Each structure stands twice: as C-alpha cells, then as structure tokens.
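Line order of the protein sequences matches chains A and B.
Under the working numbering, the first residue of the first sequence is numbered 1065, with each subsequent residue one higher.
Under the working numbering, the first residue of the second sequence is numbered 232, with each subsequent residue one higher.
Some hints here could point you the wrong way.
Straight-line distance between alpha carbons at most 27 Å, and here's what the computed DSSO-like set of lysine-lysine pairs gives [to be verified]: (1) K1067(A) <-> K1134(A); (2) K1135(A) <-> K273(B); (3) K1119(A) <-> K1134(A); (4) K1067(A) <-> K273(B); (5) K1121(A) <-> K1067(A); (6) K1121(A) <-> K273(B); (7) K273(B) <-> K1082(A); (8) K1121(A) <-> K1077(A); (9) K287(B) <-> K1067(A); (10) K273(B) <-> K1077(A).
Pulled from the structure, derived: some chain A residues nowhere near chain B, Cβ distances all over 10 Å [said to hold, decoys possible]: (11) L1075; (12) E1081; (13) D1092; (14) V1116; (15) S1146; (16) T1150.
Coverage of chain B stretches by chain A, computed from C-beta distances (three or more under 8 Å per stretch; other residues unrestricted) [as the list claims (entries may be wrong)]: (17) 268 to 281; (18) 337 to 344.
FYI, nobody ran anything at the bench for these hints, they're computed from the structure.
The model shown is predicted, which means the values in this text are computed figures rather than measured ones.
Ideal placement from N, C-alpha and C gives every residue a C-beta, glycine not left out.
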Amino acid sequence: DVKVTQSSRYLVKRTGEKVFLECVQDMDHENMFWYRQDPGLGLRLIYFSYDVKMKEKGDIPEGYSVSREKKERFSLILESASTNQTSMYLCASSSEMDPLNSNQPQHFGDGTRLSIL
Amino acid sequence: QKEVEQNSGPLSVPEGAIASLNCTYSDRVSQSFFWYRQYSGKSPELIMSIYSNGDKEDGRFTAQLNKASQYVSLLIRDSQPSDSATYLCAVNPRLWMDSSYKLIFGSGTRLLVRP
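Throw the hints in and build the complete structure from the sequences for me.
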C-alpha cells in the first residue's frame, strides 16, 4: 500500500511566522503535489514536483514555496504566514504513467489542518 | 465553464439502493479518470480509476466512462450508511503536455445514505 505521511495533523501558527509542512512518501513515486482544500472551493493545487529539485507552480502558488531535495520528501513553505492561509493542506504522490500511457492516480496523506492566528 | 463539474448534492438515498454520481468534464482529450471518496475531516481516498469507454466494476462500485459525451459516473450498489461521504471526480486534463502530471478535481458530490 502507498503510504504518504504528513508531519502534523494539526498546526497552529502566528501571522508572519515561517511555516514548514513536511510530506514523505514510501513508494518511490516521481510526482508529488501540495493542495489546499477549503469549504466551497474544493481542492486547489499549490505546487507540484515531477522530479528531485524540480517544481512547477500550480493554480495558487502565491505566498508559498516548495522544496524537493530528496525523492521521497516534498516540503511546503509558507514564507510569512497570513490568516487567509488557514486551511486543510493535503500532500499527494503518484508514479509515472504506465506503459499504456495512462496517468496514475494520486494518493493522499492524512492532511494538515493549519490555523494561522 | 468549470473543467470538471459535479452536482454538490446532497444526494440522499435509502440504505440498499443504488447511488448514482455523475461528473462531466470539458477537455475532450482527457485520458484518465478517477473517483475518490472523502469522509468529513479526512483526506481523499482512491476508489476507482477508469481509462477506457464502458463500465468497470469493483465490488459494489461501477465506474462508467463515455468519452464522446464527456461524462464519467460512479454507481454504488447496495448503498450502506458507511458510504455517506463526499465523492470527488478527478480528470487528467491532457496528455503529453505540461499539465500531464496533474489532476483536475471536481468540487464533489455529498452522498447521504439513510438507514
């Protein structure tokens, strides 16, 4: 079974703090993703990475950065936390497309519920 | 127009009935389709994937894909109260381009199975 582990289930930080959310997967997946999920807005992609040290902006990258120094680990960084970044953050991973060129599903961690006060 | 559309619900069905969840998508070249279940306060869990037109069955779940009409559906037979959750449809928007790794998620349909 795929295991995606997020470092914290709940996190409370203060406005202006630098916040690190960590995600580790144990299936040697090439692709990793960070989403946030808010009521009424669904899942929104923040950043993704398809290889070590490679990153691509998603739909809402403003105020965030990421780091992928090792294949199994993908970190999301809130440079200066603000109250509008209070949300559920979800990390996901997926493997490369299969030989039939079908995209593989994404597997999610348990999520981190982040509150910025 | 949203890229992936789902009725937000709630869809309410009695226990033992068939629940039918629908999803439409706008990108004609989409190749891969997935259904996720998400319980309140939890993360999405993969239920089904489907890549070819037609039906794919897995236990009580059947995914149906019609690429010509650009819809994908999920049927849940013999619905149980434990099936009450939000069901997310996810579509790979395009192959062999920058977004080929990405999935576009619908907002989800909330299913309520009444005992």
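Here's how the hints hold up against the structure:
With a CA separation close to 16 Å, the supplied pair K1067(A) and K1134(A) stays within the 27 Å bound. Proximity of K1135(A) to K273(B) is assessed by CA-CA distance (about 25 Å); at most 27 Å being required, the pair is judged to hold. At most 27 Å may separate the alpha-carbon atoms for a hinted pair to count; K1119(A) and K1134(A) meet this at roughly 12 Å. A hinted pair counts as satisfied when its Cα atoms are at most 27 Å apart, and K1067(A) with K273(B) qualifies at roughly 15 Å.
Under the criterion of a C-alpha separation no larger than 27 Å, the hint pairing K1121(A) with K1067(A) is consistent with the structure, at around 24 Å. For a cut-off of 27 Å, the pair hint linking K1121(A) to K273(B) stands: about 25 Å separates their Cα positions. Between the alpha carbons of K273(B) and K1082(A) the distance comes to roughly 25 Å, so the proposed pair stays at or under 27 Å and holds. Using a Cα cut-off of 27 Å, the hinted pair K1121(A) and K1077(A) holds, with the two alpha carbons roughly 24 Å apart.
In summary, the hint linking K287(B) to K1067(A) is supported, as the alpha carbons are separated by about 25 Å, within the 27 Å threshold. Distance check on the hinted pair: K273(B) and K1077(A) sit about 21 Å apart at the alpha-carbon level, within 27 Å; holds. Look at L1075(A): its CB is around 15 Å from the nearest CB on chain B, clear of 10 Å, so calling it non-interface holds up. Every CB of chain B lies more than 10 Å from the CB of E1081(A), the least distance being 24 Å, so the non-interface label holds.
For D1092(A), the requirement that its beta carbon stay farther than 10 Å from each beta carbon of chain B is met, with the minimum near 16 Å. Distance check on V1116(A): its Cβ is at least 15 Å (rounded) from any Cβ of chain B, clearing the 10 Å threshold; non-interface status holds. Every Cβ of chain B is farther than 10 Å from the Cβ of S1146(A); the closest lies at roughly 24 Å, confirming the non-interface assignment. The claim that T1150(A) is not at the interface with chain B holds, since no C-beta of that chain comes within 10 Å of its own (minimum 15 Å).
Counting residues of the region 268 to 281 of chain B whose CB falls under 8 Å from any CB of chain A gives 6; the rule of at least 3 is met. Coverage of the region 337 to 344 of chain B by chain A holds [criterion: at least 3 residues with CB-CB distance below 8 Å; count 3].
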